[in-house]
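Visitor: Letter by letter, the chains look like this.
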Amino acid sequence: MVNTGDTAWILTSASMVLLMTPGLALFYGGMVRAKSVLNMMMMSFGALALISVLWVLYGYSMAFGDDLGSTADGGPGLLGDPFQYLGLKGLMEDVTSEAGGLPPMAFVGFQAVFAIITVALISGAIADRAKFGAWMVFAGIWATIVYFPIAHWVFDFTLIGDDGVVTHVGGWIANDLAAIDFAGGTAVHINAGAAGLALAIVLGKRRGFGRDLMRPHNLPLVMIGAGLLWFGWFGFNAGSAVAANNTAAVVWVNTMVATGAASLGWLLVEKLRDGHATSLGAASGVVAGLVAITPSCSAVSPIGAIVLGAVAGAMCALAVGLKYRFGYDDSLDVVGVHLVGGLVGTIGVGFLATAAAPAAVDGLLYGGGVDQLWRQTVGALAVLVTSFVLTYLIGLAIEKTMGFRVDEEDELTGIDTVIHAESGYDFSQLASGGGGSSAGRPLGAPVPTGKGARA
Amino acid sequence: MKLVTAIVKPFKLDAVKQALETVGVSGLTVSEVQGFGRQKGHTEVYRGAEYQVEFVPKVRIEVLVDDADAQRVTDTIVDAARTGSIGDGKVWVVPVDEIVRVRTGERGPDAI
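Residue numbers (this note's numbering), protein chains in the order written: chain A, 204 to 658; chain B, 296 to 407.
Everything labelled a hint here was simulated from the structure, so no lab data went into it.
Using N, Cα and C, we set each Cβ at its ideal position, and we do this for glycine too.
Just to be clear, a hint being listed does not mean it is correct.
Listed next, with one range per pair, are the computed distances between beta-carbon atoms [unchecked claim]:
# : chain 1 : residue 1 : chain 2 : residue 2 : range
1 : B       : 347       : A       : 521       : 17 to 25 Å
2 : B       : 336       : A       : 476       : 18 to 26 Å
3 : B       : 333       : A       : 596       : 30 to 38 Å
4 : A       : 630       : B       : 347       : 19 to 27 Å
5 : B       : 327       : A       : 418       : 14 to 22 Å
6 : B       : 347       : A       : 423       : 17 to 25 Å
7 : A       : 413       : B       : 336       : 14 to 22 Å
Think about it this way: if two alpha-carbon atoms lie no more than 20 Å apart in a straight line, the pair counts; the simulated EDC-like pairs of lysine to aspartate or glutamate are [claimed, not checked]:
#  : chain 1 : residue 1 : chain 2 : residue 2
8  : B       : 297       : B       : 362
9  : A       : 474       : B       : 345
10 : A       : 408       : B       : 362
11 : A       : 654       : A       : 625
12 : B       : 312       : B       : 370
13 : B       : 312       : B       : 401
14 : A       : 238       : A       : 610
15 : B       : 304       : B       : 339
16 : A       : 474       : B       : 339
17 : B       : 297       : B       : 401
18 : A       : 408       : A       : 625
19 : B       : 335       : A       : 415
From just these sequences and the hints, can you work out the full model?
Guide: Below, the structure is given as structure tokens:
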């Protein structure tokens, strides 16, 4: 029998997490200049389109198939069998146990939207300068070589039947290392952050980085995006309980309060350092807090969540300045927010976990010693190094073959008109036919060329 | 005939327009422009990075007047637009050779 309450919550959560990617498109889109807003948003929508297909074809199987090379005693925990659920075969029938549970497809859907947003997150590091085709090729290869295996490491738990027999062998970080990563601080955020750093290095700086004015063109879009991300993140974290239960409720509250504390932490750093509390800072603090509470939301108390969030908000606010010191153009601070926030949250579990929380483990500050701390640190570093190295190689291969960057003139003109043949805004009466005359087009207005559907 | 051009702070547009109406000006043209003078822009901060925004938003007001009215219109604009702080803008006057009203074809002072 399907547990209808759990199923309803997971399908709702999955839909909320899907909305995070369009939310991310707004968050990122508002931060770039007006001439590349569409390209920025298209990188998120491109990930939505492509990864949803790859997930159904073989992604789910690579992440959640039986561990390749495993026996009843366990396995290497590196990769799921890509052929076991190829094309989601065998997953349409209801195989839930009599004790209740989720239909397999509910979990397939819930995990699909995690894969999508992880890929989309990386795009913030390469704003204004990547060829769309190269990005799509990168997205497909990166999901296949980096995300699907790492999702297996982190999210695929070994299953043991009622008779004590292992029925499914999962990934090494979740089972052998036993690091706590409730909703993806490693697999999603450290992974995307390290990938963003590698890709920003491969592509190089934007023309005029550090010299020209590259201020965000639409901060209200950024704040709408941050709001949608926060909303969707309740599905991301509380949905990761994979049930409508007490764990989900605790996680929900931790997700709310850590995020509030992080936004306060970021604003405080800004006020003390720059003299102004900014809207971009508030929105960025929200995301930093959400990132940090993602791995830790089942392991800390609400008070622990406040501490963790405040630390993450303050540290990320300081970390976004690193790119100017080290000279890499991580345009929208994927490193400063997702890598740093992911590290704070993942390693923070080792300090702030309390046995009173659903994960039932004590961290260093609660008398649990360093046992959980080293597991968290190993898990975080393993994902960081793997993601950075593999992403660098994938990026370099694309750069050397098809080329990853647009040429200089196209970059200066604006990537929207060059790559997508569109522009984000057309407010001018002069340029939008506002004259209303049939005698001729207004100065500078677009002219139908007669090509395509209108011909 | 003269063209009076004024660059003023955007929030002063209404005050200037009302003042000009009281001295009998029956038409003007405004446009949103950007520029800098001794005010030299302002600073904005995004994620801790400071940006010097050199071009400040201003409003340009253009009024065509008869020779006899030029001085009065100029003074009216200056009085209405002044705040006394830096960045109040400028007003200048240039001679105009010809004016034509498009609808009627009237020329010269009659077209003002």
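Visitor: Confirm or reject each hint.
Guide: We went through each hint and held it up to the structure:
Between residue 347 of chain B and residue 521 of chain A the C-beta distance comes to about 23 Å, which sits within the given range of 17 to 25 Å. Under the hint 18 to 26 Å, the C-beta atoms of residue 336 of chain B and residue 476 of chain A, about 22 Å apart, fit the expected range. Between residue 333 of chain B and residue 596 of chain A the Cβ separation comes to about 54 Å, which falls outside the hinted range of 30 to 38 Å. The beta-carbon spacing between residue 630 of chain A and residue 347 of chain B, approximately 26 Å, falls within the hinted interval of 19 to 27 Å.
Range check, residue 327 of chain B to residue 418 of chain A: Cβ separation about 19 Å, and the 14 to 22 Å hint holds. The beta-carbon spacing between residue 347 of chain B and residue 423 of chain A, approximately 23 Å, falls within the hinted interval of 17 to 25 Å. Residue 413 of chain A and residue 336 of chain B have their C-beta atoms about 18 Å apart, which keeps the hinted 14 to 22 Å range intact. A hinted pair counts as satisfied when its Cα atoms are at most 20 Å apart, and residue 297 of chain B with residue 362 of chain B qualifies at roughly 6 Å.
Note on residue 474 of chain A and residue 345 of chain B: the hinted pairing holds, with a Cα-Cα distance of about 14 Å set against a maximum of 20 Å. A distance of roughly 57 Å separates the Cα atoms of residue 408 of chain A and residue 362 of chain B; the hinted pair therefore is violated under the 20 Å criterion. Distance hint between residue 654 of chain A and residue 625 of chain A is fulfilled; the C-alpha atoms sit about 15 Å from each other, no more than 20 Å. A threshold of 20 Å between alpha carbons decides the hint, and for residue 312 of chain B with residue 370 of chain B the separation of about 13 Å falls inside it, so the pair holds.
For the hint pairing residue 312 of chain B with residue 401 of chain B, the CA-to-CA distance comes to about 25 Å; that exceeds 20 Å, so the pair is violated. Between residue 238 of chain A and residue 610 of chain A the CA atoms are separated by roughly 15 Å; this keeps the pair inside 20 Å, and the hint holds. For the suggested pair residue 304 of chain B and residue 339 of chain B, the alpha carbons sit about 19 Å apart, so the restraint of at most 20 Å is met. Among the hinted pairs, residue 474 of chain A with residue 339 of chain B is consistent with the structure: their alpha-carbon atoms are about 14 Å apart, no more than 20 Å.
A C-alpha spacing of about 17 Å is found between residue 297 of chain B and residue 401 of chain B, which places the hinted pair at or below 20 Å, so the restraint holds. Of the pairs offered as hints, the one joining residue 408 of chain A and residue 625 of chain A is violated, with about 24 Å between alpha carbons and a cut-off of 20 Å exceeded. Of the supplied pair hints, the one linking residue 335 of chain B and residue 415 of chain A holds, its CA atoms being roughly 17 Å apart against a limit of 20 Å.
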